[in-house]
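Asks: What follows is the residue order along each chain.
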Amino acid sequence: MNEHIAVTVTVNGQEYTRQVEPRMLLSDFLRHELDLTGTHVGCEHGVCGACTILLNGEPVRSCLLFAVQVQGQAITTVEGLASGPDPEDLHPLQQGFWEAHGLQCGFCTPGFLMTLVPFLEENPDPTEAEIREALSGNLCRCTGYQKIVEAVQLAAEKMRG
Amino acid sequence: MKPAPFQYFAPTTLDQALDLLERYNYDAKPLAGGQSLVPAMNFRLARPGVLVDLNRVPDLAFVRPGSDGGLRIGAMTRQRQVERDPLVAERAPLIHETMPHIAHPQIRNRGTFGGSLAHADPAAELPAVLTALQGRFRLESKRGQRWLGADEFFVDFFTTALEPDELLVEIAVPPLPARTGWSFQEVARRHGDFAMAGLATLVTLDEQGRVQEARLVYLSVGDGPVTARQAAQVLQGQEPTEEAIQEAAEVAARQDVDPVSDIHASADYRRHLVKVLARRTLRVAVQRAKENGQG
Ligand SMILES: Cc1cc2nc3c(=O)[nH]c(=O)nc-3n(C[C@H](O)[C@H](O)[C@H](O)COP(=O)(O)OP(=O)(O)OC[C@H]3O[C@@H](n4cnc5c(N)ncnc54)[C@H](O)[C@@H]3O)c2cc1C
Ligand code: FES
Ligand code: FES
Numbered sequence: 003m004n005e006h007i008a009v010t011v012t013v014n015g016q017e018y019t020r021q022v023e024p025r026m027l028l029s030d031f032l033r034h035e036l037d038l039t040g041t042h043v044g045c046e047h048g049v050c051g052a053c054t055i056l057l058n059g060e061p062v063r064s065c066l067l068f069a070v071q072v073q074g075q076a077i078t079t080v081e082g083l084a085s086g087p088d089p090e091d092l093h094p095l096q097q098g099f100w101e102a103h104g105l106q107c108g109f110c111t112p113g114f115l116m117t118l119v120p121f122l123e124e125n126p127d128p129t130e131a132e133i134r135e136a137l138s139g140n141l142c143r144c145t146g147y148q149k150i151v152e153a154v155q156l157a158a159e160k161m162r163g
Numbered sequence: 003m004k005p006a007p008f009q010y011f012a013p014t015t016l017d018q019a020l021d022l023l024e025r026y027n028y029d030a031k032p033l034a035g036g037q038s039l040v041p042a043m044n045f046r047l048a049r050p051g052v053l054v055d056l057n058r059v060p061d062l063a064f065v066r067p068g069s070d071g072g073l074r075i076g077a078m079t080r081q082r083q084v085e086r087d088p089l090v091a092e093r094a095p096l097i098h099e100t101m102p103h104i105a106h107p108q109i110r111n112r113g114t115f116g117g118s119l120a121h122a123d124p125a126a127e128l129p130a131v132l133t134a135l136q137g138r139f140r141l142e143s144k145r146g147q148r149w150l151g152a153d154e155f156f157v158d159f160f161t162t163a164l165e166p167d168e169l170l171v172e173i174a175v176p177p178l179p180a181r182t183g184w185s186f187q188e189v190a191r192r193h194g195d196f197a198m199a200g201l202a203t204l205v206t207l208d209e210q211g212r213v214q215e216a217r218l219v220y221l222s223v224g225d226g227p228v229t230a231r232q233a234a235q236v237l238q239g240q241e242p243t244e245e246a247i248q249e250a251a252e253v254a255a256r257q258d259v260d261p262v263s264d265i266h267a268s269a270d271y272r273r274h275l276v277k278v279l280a281r282r283t284l285r286v287a288v289q290r291a292k293e294n295g296q297g
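Chain order of the listed sequences is A and B. For the first sequence, counting from 1, position 156 maps to 158 in our numbering; every step adds exactly one. For the second sequence, counting from 1, position 75 maps to 77 in our numbering; every step adds exactly one.
Okay, chain B solo, but in the shape it has when bound (with noise of 0.2 Å):
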């Protein structure tokens, strides 16, 4: 099918961007990669009556050491380039392992950063690693701007804070604590598919090497990134042996999610992933954490 007809903007800076979604609110919306926007215009699923197309917008698209040791990466920076950018693997080496899982590279070519997070699909993989990763959200608009963290910035099943008027600009990934490990994984039929289920999951360890804190976070189990807080806290203060990490896996599938049967996978087979992926992630996010400790 075709989309419906729309009126179209090029602005070419950020403010630019900003006057028109004031000016025409709640009949716009801004286009980034489009790859998730235009497939749902060709079926008539959205029919914006504008469209500002943020791809012109040069200021938009980064990646900058943060002064805090972190990150800086502006809303349309292309995925693709977040995959290969060498700053990103070695700051945020969860965001690095994870981009390759999204989408094919065709998609990841014009799929950008901030639209997959705006986009707030809960099969979508960044979500749930920048809630893991705690990452900060700037959202801008006429009105001015705030910083919001992950857990105010998803609401729900593709429901963000972003009023009409505003635009994701950029998002600030703190660095990780010493003695810290990673893990991203998940389990898609095809290379490239939408995960039945993926797991973000952050191992910090203390100097004694006990558990001082864990976070896991799941896609495609709930209707956005779902945190297994009961697990994480079975594993706190703990040596992290392969009985915690069982008994943890154990716990997320049974308390910290309620996943529902769609086309893609049966609710009870949603909850056997849960449980396989929390064991996986956290034996390699274990080990990881040890190396850094030792570095």
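Just chain A, same shape as in the assembly (with noise of 0.2 Å):
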């Protein structure tokens, strides 16, 4: 029954192999084979966002999925945003985070990078109205989101230009 499936995986640009049960699920892969812990766990049932990820592009939940069916596939993590160590490395939407205070225990935020980042690349100039519905499926107890409006509006303008 617990017999494990090679799965071979490309996350951030980087390609993995690993030996796992058909029942991990991928935030579990994500966190405990690969040691990225940047992706966050508080529901697994789909309802929080914490956990989510970019599957070929595009924003899903990682513990809805299991690991083995990502054989092959392409991941982005919140790991893969900045591009090097320092402050002036991070992604525009990290700033913008950074700056409008978009988080405070921060556990929420990498789901909400995640899902914002392709957003905001699909739409330059977002209304606040269309912020606001392009983060409902990820939950924050402690800024009341208004913080994280703000901290959209100016990522999309450093993003702009």
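Derived by calculation from the structure, the hints in this document are not laboratory data. Computed from a predicted structure; not experimentally measured. Backbone N, C-alpha and C define an ideal beta-carbon position, used for all residues, glycine too. Some hints could be false.
Said to hold, decoys possible - Here are the simulated lysine to any residue pairs, SDA-like style, with alpha carbons at most 25 Å apart:
no., chain 1, residue 1, chain 2, residue 2
1, A, K160, A, E35
2, A, K160, A, H103
3, B, K4, A, L38
4, B, K31, A, L83
5, B, K4, A, I7
6, B, K4, A, G40
7, A, K149, B, R191
8, B, K31, A, Q148
9, B, K31, A, E23
10, B, K31, A, G74
11, B, K4, A, A8
12, B, K31, B, D21
13, A, K149, B, D195
14, B, K4, A, L141
15, B, K4, A, K149
16, B, K4, A, R134
17, B, K31, B, G211
18, B, K4, A, H103
19, B, K4, B, R58
20, B, K277, B, E215
21, B, K292, B, A246
22, B, K4, A, K160
23, B, K4, B, G71
24, B, K4, A, A131
25, B, K277, B, E244
26, A, K160, A, R134
27, B, K277, B, G211
28, B, K31, A, H103
29, B, K4, A, T39
30, B, K4, A, A84
31, B, K144, B, E244
32, B, K277, B, F159
33, B, K4, A, L36
34, B, K4, A, D127
35, A, K160, A, D127
36, B, K277, B, F196
37, B, K31, A, V49
Claimed, not checked - Simulated restraints on C-beta separations:
no., chain 1, residue 1, chain 2, residue 2, range
38, B, R231, A, W100, 33 to 41 Å
39, B, F160, A, T12, 36 to 44 Å
40, B, G71, A, P87, 44 to 52 Å
Join the two chains, each given in its own frame, into one complex according to the hints.
Replies: Have a look at this one:
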């Protein structure tokens, strides 16, 4: 029953191969097998959004996928956003969150970032209503969302240049 | 929590998938988008011994024009893809209007059109919409294939006519008749949450502008899609005036539904929403039917 299956997957541009049980969730695979603990796990039933990652460029819940399902596919996690270790290397959305106080405890932040990066790429000049709708699938218990909306607006400005 | 152990298969053709379902039958579950099945497995509400992952069967994901002027939608088509498909917007505007109400973009990126129908959650949008549209469902197993109407496909609370060795493979959506208007609306606490009540409405007018046929199908007010037959009867043959709409809405709330209370909403509040949604969708559908008549 608990035979292991080999999974090869590209995460943030790097290829990894691991032997896993079919029931291992992708969220646990990223955290425990690859030590990429930036992807957070809140609810494990698709509601909180903390575990959101990009699968082939699209935001999805990593707690609702099995690692064996992403064989041969490309994943981006929050660790893949910054281009280097220094503050100026942060993605403009990360800078926006920092400058506009878009986070307090930070538990929800990776999920918000991974949801909103593709959103901003598709909607470079979103209205406040569009931003609120885009983040409706992510829960934050600290900020009350207002600062997150402001962070997204700031990031949109930066990304438009 | 974490899922119980299971055996995993990722077939690459429909035939292989059907072979596996025949072999493992009651022990097996097809895995589509996983947006309902995996939460249930994480909570151990579902403990299938075998998962047959359909995500590597390319033939099950498509949107095609039907020869009757309608549409054919493959069961594994992602909800997000249906939402964005121009052919769906053109030929099935009621589906197009409904898609953004289903969950959140991250869920729709994985969740499939057929998965939502096979899951048959009474609070889901698509079962009500496909019932209103009189969609037809193609089921396939090693024993053969059969086509079912929406009324036959949806059996009960989370229950469809699907046998354990069968797959839903595609859904045929007939074209809208001339002078037909549509509207989908729902009331949810937050955008993307399951609705406390929702309604898919279609109105066809005759050449004199009277109601030839009305179809109102609710979600979240019963064990599955609930068709408001009495309300439709009230409208039939009538001018679609504000008074007629008002009367139909009253009848829908009084006679067509028998909602229950749960943590999301009380029965009384649901009954109120039934009335409000009937009024709102009928106004929009009638207006669109009139515009379609001129076009
Ligand atoms: C946070 C959250 C919010 C949501 N909100 C909504 C909402 O507002 N409205 C809504 O309608 N849904 C909502 N959903 C559910 C979502 O739309 C699911 O995607 C959908 O119900 C199931 O589709 P799936 O492809 O993910 O199917 P799965 O979860 O993979 O499967 C569901 C069931 O159907 C069976 N099945 C799937 N495909 C087939 C097939 N082709 N043939 C036979 N059996 C099959 C599976 O075996 C399983 O029993 C929500 C989900 C989450 C996590
Ligand atoms: S942990 Fe995946 S959505 Fe909450
Ligand atoms: S910053 Fe604490 S949950 Fe969002």
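Asks: It remains to establish, for every hint, whether it holds in the given structure.
Replies: Structure-based check of each hint:
1. A:K160 - A:E35: Violated, at about 35 Å.
2. A:K160 - A:H103: holds (16 Å)
3. B:K4 - A:L38: Roughly 19 Å between the alpha carbons, so the hint for K4 of chain B and L38 of chain A holds.
4. B:K31 - A:L83: Since the Cα atoms of K31 of chain B and L83 of chain A sit roughly 36 Å apart, the hinted pair is violated (cutoff 25 Å).
5. B:K4 - A:I7: holds (18 Å)
6. B:K4 - A:G40: Roughly 20 Å separates the two Cα atoms, so the pair holds.
7. A:K149 - B:R191: With a Cα-Cα distance of about 22 Å, the restraint between K149 of chain A and R191 of chain B holds, given a limit of 25 Å.
8. B:K31 - A:Q148: violated (42 Å)
9. B:K31 - A:E23: holds (18 Å)
10. B:K31 - A:G74: Holds - the C-alpha atoms of G74 of chain A and K31 of chain B are around 23 Å apart, at most 25 Å.
11. B:K4 - A:A8: holds (20 Å)
12. B:K31 - B:D21: holds (13 Å)
13. A:K149 - B:D195: It holds: about 23 Å lies between the C-alpha atoms, which stays within 25 Å.
14. B:K4 - A:L141: With a Cα-Cα distance of about 21 Å, the restraint between K4 of chain B and L141 of chain A holds, given a limit of 25 Å.
15. B:K4 - A:K149: Violated. K4 of chain B to K149 of chain A sits at ~34 Å, over the 25 Å cutoff.
16. B:K4 - A:R134: violated (31 Å)
17. B:K31 - B:G211: violated (49 Å)
18. B:K4 - A:H103: violated (34 Å)
19. B:K4 - B:R58: Distance of about 24 Å is within 25 Å: holds.
20. B:K277 - B:E215: Holds: K277 of chain B and E215 of chain B sit about 19 Å apart, inside 25 Å.
21. B:K292 - B:A246: With a Cα-Cα distance of about 16 Å, the restraint between K292 of chain B and A246 of chain B holds, given a limit of 25 Å.
22. B:K4 - A:K160: Outside the cut-off at roughly 40 Å; violated.
23. B:K4 - B:G71: violated (46 Å)
24. B:K4 - A:A131: violated (36 Å)
25. B:K277 - B:E244: With a Cα-Cα distance of about 13 Å, the restraint between K277 of chain B and E244 of chain B holds, given a limit of 25 Å.
26. A:K160 - A:R134: holds (19 Å)
27. B:K277 - B:G211: holds (24 Å)
28. B:K31 - A:H103: violated (45 Å)
29. B:K4 - A:T39: Satisfied, since the Cα-Cα distance of roughly 18 Å is no more than 25 Å.
30. B:K4 - A:A84: violated (31 Å)
31. B:K144 - B:E244: violated (52 Å)
32. B:K277 - B:F159: holds (23 Å)
33. B:K4 - A:L36: holds (18 Å)
34. B:K4 - A:D127: At roughly 40 Å apart (the allowed maximum being 25 Å), D127 of chain A and K4 of chain B break the hint.
35. A:K160 - A:D127: Given that 25 Å is the threshold and the Cα spacing comes to 11 Å, the pair holds.
36. B:K277 - B:F196: holds (19 Å)
37. B:K31 - A:V49: holds (23 Å)
38. B:R231 - A:W100: 33 to 41 Å: violated (58 Å)
39. B:F160 - A:T12: 36 to 44 Å: holds (37 Å)
40. B:G71 - A:P87: 44 to 52 Å: violated (59 Å)
Hints 1, 4, 8, 15, 16, 17, 18, 22, 23, 24, 28, 30, 31, 34, 38 and 40 from the earlier list are contradicted by this structure; the remaining hints agree with it.
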